[in-house]
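Visitor: The listed protein sequences derive, respectively, from chains A and B. Residue numbers for the first sequence follow my numbering, so the first one is 1 and each next one is one higher. Residue numbers for the second sequence follow my numbering, so the first one is 1 and each next one is one higher.
If you are wondering where the hints come from, they were derived from the structure by calculation, not from laboratory data. Computed from a prediction, not measured in an experiment: that's the story for all the values here. For glycine and all other residues, C-beta sits at the position ideal for the given N, C-alpha and C. Treat the hints with care, since some could be wrong.
[Stated by the list, open to error] Distance condition first, Cα-Cα at most 30 Å in a straight line; then the derived DSSO-like pairs of lysine-lysine: (1) B:9 to A:19; (2) A:107 to B:9; (3) A:222 to A:84; (4) A:280 to B:262; (5) A:222 to A:236; (6) A:124 to B:98; (7) B:258 to A:124.
[What the hints assert, rightly or not] Where chain B lies over chain A, by a calculated footprint (3+ residues, C-beta under 8 Å): (8) 112-119; (9) 188-196; (10) 235-246.
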Amino acid sequence: MNPKIRFMNVSKSFSLYRKQSEKLFDIISLKKDRDQFFALRNISFEVNEGEAIGLIGLNGSGKSTLSNLLAQVIPPSSGMIEIKGETSLIAISVGLNNSLTGLENIKLKCLMHGLNNAEIDQIKSDIIEFADIGNFINQPVKNYSSGMKSRLGFAISIHTNPDILIVDEALSVGDQTFYKKCLDKINVFKSQGKTIIFVSHSLSQIEAFCERVMWIHFGQIKMFDEAKKVISDYKKFINWFNLLSEKEKKNSRKEMLDEQYKVELIPSNSHIQQIKRKSKKSNVAFGIQILVLLFVVILSASYMLL
Amino acid sequence: MNFVWQVLKEQFLHLNLIFRLSIYEEKGKYAMHYLGALWQILNPFIQIGVYWLIFGLGIRKGSPVEGTPFFLWLIIGLVPWLYISRTITQGSNSIYAKVNLVSKMHFPVSVLPTIIIVGNSISLIPMIIISFVIALIYGIFSGIYLVQILYYLFCLYFFLFALTLLLSTLTTIIRDIQIMVQSIVRLMMFFLPIVWNVQNFPELFVGILKLNPLFYIIEGFRHSLLGGHWFFEDLPYTIYFWSITILVLTIGSFLHIKFRDKFVDYL
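The shape of chain A in the complex, shown without the other chains (with noise of 0.2 Å):
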């Protein structure tokens, strides 16, 4: 088998700032020393093709953000990241322009995605049949419910045949006949071997659907085990702590997130200093090239002023 998708010693972190005006100094300045919050440390892990992986973990562990590190929506601060063919994200907030009818929306959306007006007229029908929102197809996204957003959304980014899907959330806002036709969908999707990366709170649903499930854990991978094993001693751990007083899950949770402030030490490999070399090198390179090419602006201006 070989990993569709690869992480090694993936983190990513976010800059805090308490102000706007940090935010502008921070781009500014070279040092980086500001305050950093590291939503995902050090992961690594590899999925195989046409596996299906579980995501769980409580608020606030980094499930959203691996999801876009994975949607490659977002880049990662440290570590590489291998991933072979298109991905697609769904999540309960995708992309929509509210201004704009249903109708139009899936067109714009599947322009964006680089389709032509043959294909989209091709697969605009199968959408607006998996959404199922009836005459609010015509009608401005504003004026839709929560519902009928996720499934226009949903509808809209699995038809933009992806090998990998990832889908955040966002089968939680739907009803359940329409989470049983989304089901069939991935399922479909499952045995053409593509990969799908599964984001939920609801055990139930992904003990059904996947096969390999990973835990995070405030940051960090705490397993990634087969389904069963994962999800009941995460089981185990809701339980566990939902027993516990709640000064005991305040500190707990406290510790947790000190954890996740402290700026460790990223493991150097060449690799990474390689890019950090040739980096330099090409700031060099264009600041000898600005230079010349200001030089030779004031040389002609001066030429037409004189």
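For this one, chain A is given, so just place chain B on it according to the hints.
Guide: Using the frame of chain A, we list chain B on its own:
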């Protein structure tokens, strides 16, 4: 030069996407209007009419500019300017306006300003043809000089691409710049040879105004449609225009590539 190539390559790789999306957006713009696409022509003509009344009949009392009827002289400067001002203000906002829509998918953000440039051209090209016809009605045909229009269109597109790439990146990071751009564009019209002939001003003053690359383009349109000058006759000015354009493009593509991963964070 790496950054510039990378950005240019993205444009060429996604040419189909750019054309399809810009046509889609232009169609959508007037979809709710009864007159539809007619506004693309009507709107500039109303503006031309206003400027002609104020500056042509009001201030100049209808006197011609260097032998050219003022109305014709005005139209040839105003047509590219209306396009430029619209494209700069919309283009510099293009990434900010769309980042929400593209944040959850793989999308080459650098084509967003280009989509505005191409989309707005749908009204520019017919307007240029109309001004050519008006010149013919006045009995002015520039002959071989007309070929230059292709060169100056290329200058126009290249400069706007460089500028909107830079501005769209900056306005996404620092929102204040968008307001600044709007005010500067509104003001700049009066520092260009659009509604009045700046050649009457002191030479040094004209020289300073000429440092604005848009001056080169507006003058170029007049040279192409009215004739009399070749673009290579004023070599230092041509060198100046291209070096500053490439400078803007280099800085723009550098900043764009450095910051595009962070666009989602800056919202």
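Visitor: Hint by hint, say whether it matches the structure.
Guide: Here is how each hint holds up against the structure:
Between residue 9 (chain B) and residue 19 (chain A) the CA atoms are separated by roughly 37 Å; this puts the pair beyond 30 Å, and the hint is violated. Using a Cα cut-off of 30 Å, the hinted pair residue 107 (chain A) and residue 9 (chain B) holds, with the two alpha carbons roughly 26 Å apart. At most 30 Å may separate the alpha-carbon atoms for a hinted pair to count; residue 222 (chain A) and residue 84 (chain A) meet this at roughly 25 Å. Distance restraint check for residue 280 (chain A) and residue 262 (chain B): the Cα-Cα separation of roughly 20 Å lies within the 30 Å cut-off, and the hinted pair is therefore satisfied.
With a C-alpha separation of about 14 Å, the suggested pairing of residue 222 (chain A) with residue 236 (chain A) holds against the 30 Å cut-off. For the given pair, residue 124 (chain A) sits about 23 Å from residue 98 (chain B) by alpha-carbon distance, which is consistent with the 30 Å threshold. Taken as a hint, the residue 258 (chain B) and residue 124 (chain A) pair is broken in the structure, with Cα atoms around 37 Å apart against an allowance of 30 Å. Given as covered by chain B, the region 112-119 of chain A passes the check, having 5 residues with a CB less than 8 Å from a CB of that chain where 3 are the minimum.
Closer than 8 Å: that is the beta-carbon criterion, and the region 188-196 of chain A has 0 residues meeting it against chain B, so the requirement of 3 is violated. For the region 235-246 of chain A, the assignment as covered by chain B is violated, since 0 residues bring a beta-carbon within under 8 Å of that chain's beta-carbons and 3 are needed.
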